[in-house]
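Student: The whole structure should be built from the sequences, with the hints applied where relevant.
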Amino acid sequence: MECVFGLVGHDFAVVAADTSAVHSILVHKSNEDKIMILDSHKLIAASGESGDRVQFTEYIQKNVALYQFRNGIPLTTAAAANFTRGELATALRKNPYFVNILLAGYDKETGPSLYYIDYIATLHKVDKGAFGYGSYFSLAMMDRHYHSGMTVEEAIDLVDKCIMEIRSRLVVAPPNFVIKIVDKDGAREYAWRESVKDAAVASA
Amino acid sequence: MSIFEYNGSALVAMVGKNCFAIASDRRLGVQLQTIATDFQRISKIHDRLFLGLSGLATDAQTLYQRLVFRHKLYQLREERDMKPETFANLVSAILYEKRFGPYFCQPVIAGLGDEDKPFICTMDSIGAKELAKDFVVAGTASESLYGACESMFKEDMEPEELFETVSQALLSSVDRDCLSGWGGHVYVVTPTEVKERILKGRMD
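Order-wise, the sequence lines are chains W and H. To convert, count from 1 in the first sequence and add 159; that's my numbering. To convert, count from 1 in the second sequence and add 20; that's my numbering.
Any given hint could turn out to be false.
[Unchecked claim] Anything over 10 Å on all C-beta distances counts as not near chain W; from chain H, calculated: (1) E25; (2) L48; (3) F59; (4) I114; (5) A148; (6) S171; (7) S187; (8) L191; (9) D195.
[As the list claims (entries may be wrong)] Below, a sample of chain H positions facing chain W; criterion: calculated Cβ distance under 7 Å: (10) A77; (11) T82; (12) G133.
[Claimed, not checked] Quick list of the computed label-pair ranges, beta carbon to beta carbon: (13) V186(W) <-> R97(H): 54 to 62 Å; (14) H304(W) <-> L52(H): 21 to 29 Å; (15) L52(H) <-> T269(W): 29 to 37 Å; (16) E163(H) <-> P255(W): 29 to 37 Å; (17) A237(W) <-> K37(H): 39 to 47 Å; (18) Y292(W) <-> F89(H): 37 to 45 Å; (19) V311(W) <-> K37(H): 52 to 60 Å; (20) R100(H) <-> R303(W): 49 to 57 Å; (21) V355(W) <-> K220(H): 40 to 48 Å.
These aren't lab readings, by the way, just hints derived from the structure by calculation. Don't be surprised by glycine CBs; every beta carbon is placed ideally from N, CA and C.
Tutor: Now the structure itself:
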């Protein structure tokens, strides 16, 4: 029921994730941010077991920061992806993390890239990727409309098409999505697509 | 579904006259869903030795990294490349180390040994070597591949004819297997050059 998907454009990469935190039949919250800003030019969109998701992505984030402190230069997206895969692979036969990851990044030398990392540590560099039940709809939509070198407007339009498809065709469709983008200017939140707003919490 | 059939794969290696060919399909799937159509299953260990890994993609990636590490160490110590027979023994030993918690992979090893004699072999997931004089196969399409290779194989084929034979055997076999396909990757290796070609087959 968790939907995560992303694609690579001309000089940027965009990822979108649903924002519902669900336990069995209960929706705990519908504004849970599942796309972590890994460092200035990387995004990790993660889906899966909630505890593992937060723990594992924070672990990767801190280790990526540590590398930068120790070595004075940031990791490339490929290096960060391979490090993430290595951690998942090492843990796989001991205490596996049930987290699926789409790692999007921008490097000055190589441009934008997107890495698909399965929970069993399958790593593959892709132009478009998706996880979860929503992937049946978003991947099909992207297969039809994606072309290499898309502009931001075209890509966001495609992301919106995928969200529309998920909302209309997935039985337990998540109502809200967050979209984040990474390009030469860095990784940042682009937009939210909300169809259900959380009620404001009354102040104590 | 068996863990060996989780990602889907097809691999074949064939011997010719002072040359060999190794070929694979290009699909990376997660059970019924196709994730990518450009997955590399065959890797170069050195100019005259190629390794193909079928089975679970995460274990194939881990195993490949371990083997490259061991081969680089060997190169530093021995100041030469590994012979294919030696490499096959190394792969077998590494797989048997994990006898009671194995890597879910079936490797196909193809190389040119002493006096440019082609060497091919395959093994099961716990390292039982199977040497052959003509061809070896692995992956979800292996049964079809056995039939296709057995009928199409001839002794002492020249590189061009070998390429045609391997390509036809691969494409016709993966067409009968839903978990492999989406094109082919063929390497034809002679003592003087390595020719890499990509096949376009049925994209489904």
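Student: If a hint holds in the structure, say so; if it doesn't, say that too.
Tutor: Right, here's what the structure says about each hint:
no.: 1; hint: E25; verdict: 14 Å, holds
no.: 2; hint: L48; verdict: 6 Å, violated
no.: 3; hint: F59; verdict: 6 Å, violated
no.: 4; hint: I114; verdict: 15 Å, holds
no.: 5; hint: A148; verdict: 21 Å, holds
no.: 6; hint: S171; verdict: 34 Å, holds
no.: 7; hint: S187; verdict: 24 Å, holds
no.: 8; hint: L191; verdict: 22 Å, holds
no.: 9; hint: D195; verdict: 21 Å, holds
no.: 10; hint: A77; verdict: 4 Å, holds
no.: 11; hint: T82; verdict: 5 Å, holds
no.: 12; hint: G133; verdict: 32 Å, violated
no.: 13; hint: V186(W) <-> R97(H): 54 to 62 Å; verdict: 59 Å, holds
no.: 14; hint: H304(W) <-> L52(H): 21 to 29 Å; verdict: 23 Å, holds
no.: 15; hint: L52(H) <-> T269(W): 29 to 37 Å; verdict: 33 Å, holds
no.: 16; hint: E163(H) <-> P255(W): 29 to 37 Å; verdict: 31 Å, holds
no.: 17; hint: A237(W) <-> K37(H): 39 to 47 Å; verdict: 40 Å, holds
no.: 18; hint: Y292(W) <-> F89(H): 37 to 45 Å; verdict: 38 Å, holds
no.: 19; hint: V311(W) <-> K37(H): 52 to 60 Å; verdict: 55 Å, holds
no.: 20; hint: R100(H) <-> R303(W): 49 to 57 Å; verdict: 52 Å, holds
no.: 21; hint: V355(W) <-> K220(H): 40 to 48 Å; verdict: 46 Å, holds
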